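Colleague: Residue strings, one per chain:
Protein chains: 2
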Amino acid sequence: MTDRLLHLNAFENFSPGNISSGLWRHPSDRSSEYKTLRYWTSLARDLEHAGFDGIFMADILGMLDSYRGGPDDALRTASQVPIDDPVAVVSAMAAVTERLGFAITVSTSYEHPFLFARTMTSLDHLSEGRVGWNIVTSFLDSAARNLGAGEQLVHDQRYDRADEFLEVTHKLWELSWDDDAVRVDKQAGVYVDPAKVHPLRHDGRWYQVPDAFIAEPSPQRTPVLFQAGSSSRGQRFAAEHAEGLFVHGTRPEVLAPIVAGARDAAVALGRARDSIKAFAVATIVTGETDEIAEAKYRDLLDYIDYDGAMVQFAGPVGVDLSTYDPDVPLADIESNGAQFSARFFASADPDRVWTLREVAHYMGVGGMGPTIVGSGATVADELERWAEVADLDGFNLAYAVRPGTYEDIVRHVVPELRRRGRLRPAPDAAGGSRTRSTFRENLFGAGATRLAADHPHWRLSL
Amino acid sequence: MTDRLLHLNAFENFSPGNISSGLWRHPSDRSSEYKTLRYWTSLARDLEHAGFDGIFMADILGMLDSYRGGPDDALRTASQVPIDDPVAVVSAMAAVTERLGFAITVSTSYEHPFLFARTMTSLDHLSEGRVGWNIVTSFLDSAARNLGAGEQLVHDQRYDRADEFLEVTHKLWELSWDDDAVRVDKQAGVYVDPAKVHPLRHDGRWYQVPDAFIAEPSPQRTPVLFQAGSSSRGQRFAAEHAEGLFVHGTRPEVLAPIVAGARDAAVALGRARDSIKAFAVATIVTGETDEIAEAKYRDLLDYIDYDGAMVQFAGPVGVDLSTYDPDVPLADIESNGAQFSARFFASADPDRVWTLREVAHYMGVGGMGPTIVGSGATVADELERWAEVADLDGFNLAYAVRPGTYEDIVRHVVPELRRRGRLRPAPDAAGGSRTRSTFRENLFGAGATRLAADHPHWRLSL
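So the sequence lines, in the order shown, correspond to chains A and B. If you're matching positions, the first sequence starts at 0 in numbering that gives the first Met the number 0 and goes up one per residue. If you're matching positions, the second sequence starts at 0 in numbering that gives the first Met the number 0 and goes up one per residue.
Simulated from the structure, these hints should not be mistaken for lab results. Some hints could be false.
It does not matter which identical chain is used: a pair holds within one copy or between any two.
Cross-link-like lysine to aspartate or glutamate pairs, in silico, EDC-like; alpha carbons within 16 angstroms at most [said to hold, decoys possible]:
hint, residue 1, residue 2
1, Lys-276, Glu-357
2, Lys-185, Glu-415
3, Lys-195, Glu-163
4, Lys-295, Asp-45
5, Lys-185, Asp-301
6, Lys-185, Glu-32
7, Lys-185, Glu-293
8, Lys-185, Glu-163
9, Lys-195, Asp-71
10, Lys-276, Asp-453
11, Lys-185, Asp-2
12, Lys-295, Asp-348
13, Lys-195, Asp-159
14, Lys-185, Glu-173
15, Lys-185, Asp-380
16, Lys-276, Glu-387
17, Lys-276, Glu-415
18, Lys-195, Glu-383
19, Lys-185, Asp-162
20, Lys-195, Asp-331
Everything numeric in this text was worked out from a predicted model, so none of it was measured.
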């Protein structure tokens with residue numbers, strides 16, 4: 000990579016708690032302001048000013064209720080609950096920014112592609128081309144239960160339906176309206192030329208959409224497509240659809256084959272190797288010096304909520320971890336999920352005995368991803384090493400405390416990365432530019448507002 | 000009514016065309032800016048400054064395609080197409096205002112109440128209590144076709160399902176989380192007290208929602224509930240649910256029994272007679288003098304698009320009006336819809352021969368509602384007369400041209416109504432107040448942020 004730019008997204012959610020557990024209790028934390036416009040407009044302004052590429056909004060549609068057989072610990076520890084709809088906050092952030100992108104997580108399992116496509120087109124209109132979509136198929140039984148889907152589809156079937164969902168949205172976004180369909184010709188009395196608007200005639204297994212799209216094309220048409228699946232079915236899905244791949248791992252060496260696999264699969268489908276931008280989740284704790292950063296980290300550790308970490312961990316592990324002593328080694332728990340997770344954490348440090356307490360200690364600040372602690376230079380070194388080893392294009396930076404984590408990154412890490420030529424020039428710097436930019440241009444360069452010509456979706460037709 | 004305040008909403012939609020037809024072609028019209036943030040933030044600021052209570056956003060989920068057997072004329076004349084999602088634009092408008100309400104139209108037919116309730120709660124959080132919901136059940140076959148619902152439910156069944164939809168949303172908004180459920184107690188480590196969050200255990204005909212809501216209560220909890228149904232089933236629905244009734248008619252004498260019927264039905268359910276605020280649609284063409292206003296109106300008439308008016312009229316009439324000569328009297332067309340519409344227009348003027356051309360002339364500026372033409376004083380007289388005769392609480396004011404219609408109302412009509420004590424004091428006037436206000440307080444008075452105690456929904460329990 001050597002001189003490749005690094006792209007930075009804030010990894011946020013519309014909730015008082017995301018992947019770190021219990022840190023809302025830190026004296027400096029202001030996560031309870033999550034439901035105010037001021038929190039989001041101020042964050043968006045600051046991140047854009049610093050040169051971030053986007054805000055990545057996670058979402059879930061049910062409570063995490065595998066721990067102690069119910070949602071009580073999730074509620075008490077604010078583990079991704081309460082949670083609001085990320086769609087609702089985008090236009091306010093767009094109103095105070097010009098270049099920042101907004102990737103929002105929406106499941107293909109509970110919305111109809113026709114309505115969803117219109118919502119995204121609307122946001123892309125209002126933001127002048129700055130919307131992205133993190134495609135998820137949903138894994139929570141609690142969501143399926145309350146959304147009337149009864150039993151969930153099995154994993155691979157969810158992906159099959161998602162494939163068709165993406166087929167429908169592509170037809171709506173890219174194929175239904177020609178570029179010159181909207182004429183707004185007051186003299187001729189033609190707002191839209193009907194000959195340039197085409198019915199979908201889509202008659203699939205999951206969806207029937209006979210007619211044309213009801214919204215006109217937006218600047219990007221298709222939002223920037225992100226995906227995070229790591230199963231082999233998920234990887235195939237990414238190769239078919241994703242422009243951004245969101246990965247998590249304890250070390251860059253673990254991510255390297257995953258990223259290489261995604262790029263190989265994309266190339267096998269005729270796409271350029273760099274047509275997928277790879278983002279790793281990371282949490283940064285930084286300050287003026289390594290010592291100050293280390294002290295901040297030690298202070299944060301005091302606020303980790305063990306139960307909160309277990310709430311987040313219990314879902315993937317698939318057993319109720321409240322019935323185990325915190326000092327039991329993960330490897331001693333007999334479930335496929337526990338064994339899988341034991342291998343996951345062994346990759347971080349094979350010599351450590353990964354008890355549940357140690358897992359909570361690790362996950363409490365930064366979840367399953369790395370927590371990078373140090374001065375701006377130390378963190379920049381580490382980000383560059385991760386990018387080099389794993390062939391990454393950027394990072395989804397989670398917060399430990401709000402908004403302090405982002406303030407620290409902007410103060411200490413961003414200037415260092417910019418000095419090293421790893422970030423785009425600041426919007427208001429000499430040589431920088433105040434020009435508007437679409438989200439896809441942020442990631443793929445000026446002019447790259449539309450879906451790339453080698454994207455597999457272009458094989459579709461009406 | 001005598002000294003009752005009048006409430007004003009702008010009747011808008013997220014499209015270049017609403018109920019007037021062809022007027023986007025007027026030289027002053029800027030409807031093609033509908034997809035920009037600037038249009039909406041500027042409109043919201045101006046309306047709030049003038050003392051409007053809200054913006055009422057209409058919506059449809061399919062194209063109007065009864066005329067000439069397809070959507071071509073709707074597209075050409077921008078008859079409610081292209082159309083974006085009103086949910087997307089609310090937070091941006093909320094960010095630049097403090098008191099203006101936002102009523103958005105959402106159908107109960109194509110969304111799940113669990114997800115929809117969260118979206119509204121999110122907007123109510125961000126706007127600090129300024130969201131309303133115009134409840135519709137959808138009537139368009141084109142929407143049902145593309146949203147996978149196949150054949151539509153018959154009319155009364157749609158209302159039955161809507162009743163249950165409202166039951167679920169009430170439980171989510173009002174009953175699932177106690178007022179003191181969210182503690183944010185950093186010392187005790189309790190963000191939410193799980194004992195104060197209650198599962199719905201809703202097991203109905205259309206929806207199963209066993210668990211608790213995932214979002215915390217917003218300032219209003221329930222958005223202000225609007226409804227526009229005029230059938231007897233629709234009227235019963237309004238009495239059960241609505242806080243705002245949206246009616247349209249050619250003369251106030253026609254509306255009087257409809258409004259009285261709604262109030263009677265509400266009283267029969269134990270509600271106060273004024274627990275439903277009645278809004279009539281109206282389009283105002285105004286200027287410094289009656290003569291200037293009349294000249295403006297005559298100028299507007301030149302831009303009416305006959306086909307566009309017929310696109311909008313063809314749906315309710317239920318026959319393809321393109322096969323009829325424009326000079327055929329409506330009463331001569333043999334369909335129930337045509338006969339119903341003939342009576343509707345006869346109520347405006349029984350002596351006029353209501354040919355299709357005359358209908359287009361009437362509907363082209365202001366749709367099925369009245370177009371009130373004159374100086375500020377003349378218009379204020381007429382609005383007062385309508386309110387007096389029909390027992391109205393306010394008006395949903397449609398535009399003829401954008402944003403000129405609203406600019407004219409603000410300049411000529413608002414000061415006159417304010418002089419007469421019909422509007423709340425301007426936010427920045429002496430005696431006025433800059434204090435924030437929720438949407439429900441705008442309509443029902445300071446302190447009335449929550450659903451009234453006599454609302455039938457309070458009979459529901461978990």
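Colleague: How would you label the pair Lys-295, Asp-348 (within, between, both, or neither) given a Cα cut-off of 16 angstroms?
Modeller: neither (22 angstroms within a copy, 78 angstroms between copies)
Colleague: At most 16 angstroms between C-alpha atoms: does Lys-195 with Glu-163 qualify within a copy, between copies, both, or neither?
Modeller: neither (24 angstroms within a copy, 41 angstroms between copies)
Colleague: At most 16 angstroms between C-alpha atoms: does Lys-295 with Asp-45 qualify within a copy, between copies, both, or neither?
Modeller: neither (22 angstroms within a copy, 47 angstroms between copies)
Colleague: 16 angstroms Cα cut-off: does Lys-276 pair with Glu-357 within a copy, between copies, both or neither?
Modeller: neither (32 angstroms within a copy, 60 angstroms between copies)
Colleague: Within a copy, between copies, both or neither: where do Lys-276 and Glu-415 come within 16 angstroms Cα-Cα?
Modeller: neither (22 angstroms within a copy, 59 angstroms between copies)
Colleague: Have a look at Lys-195 and Asp-71 and pick one of within, between, both or neither, based on CA distance no larger than 16 angstroms.
Modeller: Close across copies (10 angstroms), not inside one copy (54 angstroms); limit 16 angstroms.
Colleague: Is the C-alpha distance from Lys-185 to Glu-415 at most 16 angstroms within one copy, between copies, in both cases, or in neither?
Modeller: So Lys-185 and Glu-415 fail the 16 angstroms test inside a copy (53 angstroms) and across (34 angstroms) alike.
Colleague: Is the C-alpha distance from Lys-195 to Asp-331 at most 16 angstroms within one copy, between copies, in both cases, or in neither?
Modeller: The answer is neither: 63 angstroms in one copy and 36 angstroms across copies each exceed 16 angstroms.
Colleague: With identical chains, the pair Lys-185 and Asp-301 could be close in the same copy or across copies; at 16 angstroms between alpha carbons, which is it: within, between, both, or neither?
Modeller: between (66 angstroms within a copy, 13 angstroms between copies)
Colleague: Regarding Lys-195 and Glu-383, is the shortest C-alpha distance of 16 angstroms or less found within a copy, between copies, in both, or in neither?
Modeller: neither (48 angstroms within a copy, 47 angstroms between copies)
Colleague: When no copy is named, should Lys-276 and Glu-387 be tagged within, between, both, or neither for a Cα gap of at most 16 angstroms?
Modeller: Cα proximity of Lys-276 and Glu-387: one copy only (14 angstroms, versus 64 angstroms across).
Colleague: Under a CA distance limit of 16 angstroms, which applies to Lys-185 and Glu-173: within one copy, between copies, both, or neither?
Modeller: Cα proximity of Lys-185 and Glu-173: none, with 26 angstroms in one copy and 49 angstroms across.
Hint compliance for this structure: hints 1, 2, 3, 4, 7, 8, 11, 12, 13, 14, 15, 17, 18, 19 and 20 are not met, and every other hint is.
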